[in-house]
Amino acid sequence: MMSYYLRLAFISMRRNPVLSSLMVLAIALGIGACMTTITVNYLMSNNPIKHKSDVLFHVQLDNWGPFEAAVDPNDPPYQLTWTDATNLQQAQQGIRQAAMAKSGGVVEPADPNIKPFQAGYRLTYSDFFSMFDVPFLYGSAWDKQADENARHLVVLTKEINETLFGGKNSVGQSVTLSGEVFTIVGVIAEWHPIPKFYDLNNDDFGRPSELFIPLQLKRTMKLPSWGNVNCWKSPDEEGFEGFLNSECVNFQFWVELDNPAERSDYALFLDNYVNSQKELGRFPRPLNNRLNNVQQWLEYNEVVADDAQIMMWLSLMFLAVCLLNTIGLMLSKFMGKSSEIGLRRAVGATKGDLFIQHTVETACIGVAGGLLGLGFSFFGLQGLRALYGEFAHKLTSLDMNMAILAVVIALVSTILAGLYPTWRACSIAPASQLKSQ
Amino acid sequence: MNASLELGPIFRTLLRNKMGALLIALQIAVTMTIVVNAIFIIDEREALMARVSGVDEADSFYVNSNGFASDFDNPNTIQEDLRQIRALPSVRNVTTINAIPISGGGWSMSLQTEAGEGKDDVATAVYMVDHHGLEALDVQLLAGQNFTEQELRYRDGSEEGWPQNIIITQALANDLFPDTAIDEVIGKTTYINNDEPMQIIGVIDALQAPWIGWEQLENTMLSPEYFAFNNSTTYFVRAQDGMRDQAMRAVEEYLAQRANERLVRGMESFENVRNESYGFHAAMIKILTIVMATLVLITGMGIVGLASFNVNKRKKQIGTRRALGATQWQIVRYFMLENFMITSIGVLTGAALSIGLNILLVNFFELNRISWYYIPIGMLCLWVLGQLAVLGPAKKAANIPPAMATRTV
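Residue numbers (the numbering used here), protein chains in the order written: chain A, 1157 to 1593; chain B, 25 to 433.
No lab work stands behind these hints: they were computed from the structure.
Hints may be right or wrong, so weigh each one.
Restraint-style ranges between C-beta atoms, simulated for each label pair [claimed, not checked]:
(1) B:A93 - A:D1228: 42 to 52 Å
(2) A:E1318 - B:E104: 35 to 45 Å
(3) B:G129 - A:Q1452: 21 to 31 Å
(4) B:N392 - A:G1531: 55 to 65 Å
Here a beta-carbon is modelled for each residue, glycine too, at the ideal position from N, C-alpha and C.
Build out the structure end to end from the sequences listed, making use of the hints.
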């Protein structure tokens, strides 16, 4: 029976090729626009570390000035000072914890044939790799001893290992960073969390830094502060040490806490820490610490761009127009078949039969529109990539989920759109159509 | 027959197929909602993009020199570089600078007119430039004077405090000293870091801060310093009129001479800086334009499709009317009027929906409120669209011969 209905649907679609293709095209354009924008929103709002989202916490402390909040209306600054970041690290109150910051400098390869280049460093602690489940291709992270002694050890990304060593296992080799020789202890595999949740201050959707080195090297090598630096007052002392000891924030801190009890213990620890700092004359504002897990932190930072959301809502309305268009056209088409429907009713087809027949026809249009729309959204995403450049690269890949979603939305919305025309077609009385013509 | 007399019969005919007409009206309403709001957003973005940065955008570029050799002598290198670059025939002037206007990255401070903690302050961007900065950045002194070479200092991150003299933009002068003439601002003292005094020695016309989304975009101060943290120095170069590309090549060639001691990177024209900073807005404008065009096309085709269908269905009646003496123009007029009625319902609903969507966008995305005239213009456009779309099918209807009345289909 189904194949009979399918055949009828094809005959019907062939009879009005212009009308049918108009319907398919309208649905395809609507689906194409929606899938393009939904994909961008879906990737932007992605939680890149779902399996640990509830146990990883971002720490904020309010070290800001007495007269003005760091962030309106009364929120603490996004980042921490060197003093607080390193103090929290030393306290070791979480299962794992890592203070971190962005820096950079000139990389001089050992191979004289490769020209020196500039690269970003992520200054952090060894817990970074285990806490964030960073996969290693070769070697491993440096050990805790290296953290404390600020040893010249480095972990490379896959890309930089490609540039420096042609992708070979480079563990044990050396490379010069900012004028000092480092030993390579590990190379990580592809790891591009989208968005880059652990540092949302600098380029949310950017690539991770290319080289990871121990944070304490910041002090010994006087490494520059890349990324966002904010101060509510200027450093009390001069020079690099003055900056480190100042109230300027440039460091992030993440801690792993496995259950609510640990979380509340840690919150208590933070309160005590800030109170003890208050005794030293710091933290003039009332207690205002924050512990956000990954999902909360992403939401707090509103990583999904407004423009992407506006576009998504507009494209949903666009789809609505396309569907209204389709309902109108379908209504005309089914009404045009009145005599045929009357005839079928007269020779014994029930209303139910007719309902199924016409739903099959609308479903065919929906599937065709969905598949074509999938093609359109592919081009739409290519277009976004061309318009937005590097930024959009990681945000514009269609995955299987999105492809299935596209066809399902097309199918469901078309069948829903077809309900009214179908109902009208089914309620045609057999006699009325037979006698008039 | 008078057109006004036809309205009744047309309306009653419409009522016989309420749903079809309603669907088109609704489609027109939603189309108008999207189009009106999209055009409003596009206009807003274009206004943002039309703001002037203050620099000679067509002729300017910048480049970074980063010394990595352990014995790199940056202070002398800077002097030598500035001398050599200034001497290039394609270069008009050059300055060292700590940040590039509208590039997205820079340094901001707060200034206040009274010393002390907790006093009212005004945020401003800081550009550290040398005494050629004014010409290199293409800014004009409205009052006061330029920095002298003697007061310039070298800043590598280890020094305290700020220079004694600064030059500020007119906008910043107005924020700091409202209702004060520019000439009177010269010589006044402002305080940085609560209590470090700085004297305003000059006021310039306009120079934008590095952040295009910043509320204080026009607030900028110039500070007489060679900025060179970690042996990294950025040169902002203004070429002679129309000679930017030659100047870029010449500067690159010169800087590359000491490639074994320093990295030369990030050479970028100001045009590129603008394109990158405003790229999001430009992209949004393009996307919305494409969406609007497609939408108008779909709605137009929908109207054509339904009108054609109606014409086909009414062939016999049209023939009868023609046989009874109706002119071709009267047939065309019938369909045009019918479409006008449907569109009118659509655009009236559309006007309400457009305002509704704007209110939502204002609440959720902090967009501005739409100006009233977008609504009537949008309505007019959709009326025209409807009439144009229905014209083809209506003409086809007019060509139906009166003899059709006698035929049985």
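Here's how the hints hold up against the structure:
no.: 1; hint: B:A93 - A:D1228: 42 to 52 Å; result: holds (46 Å)
no.: 2; hint: A:E1318 - B:E104: 35 to 45 Å; result: holds (37 Å)
no.: 3; hint: B:G129 - A:Q1452: 21 to 31 Å; result: holds (28 Å)
no.: 4; hint: B:N392 - A:G1531: 55 to 65 Å; result: violated (37 Å)
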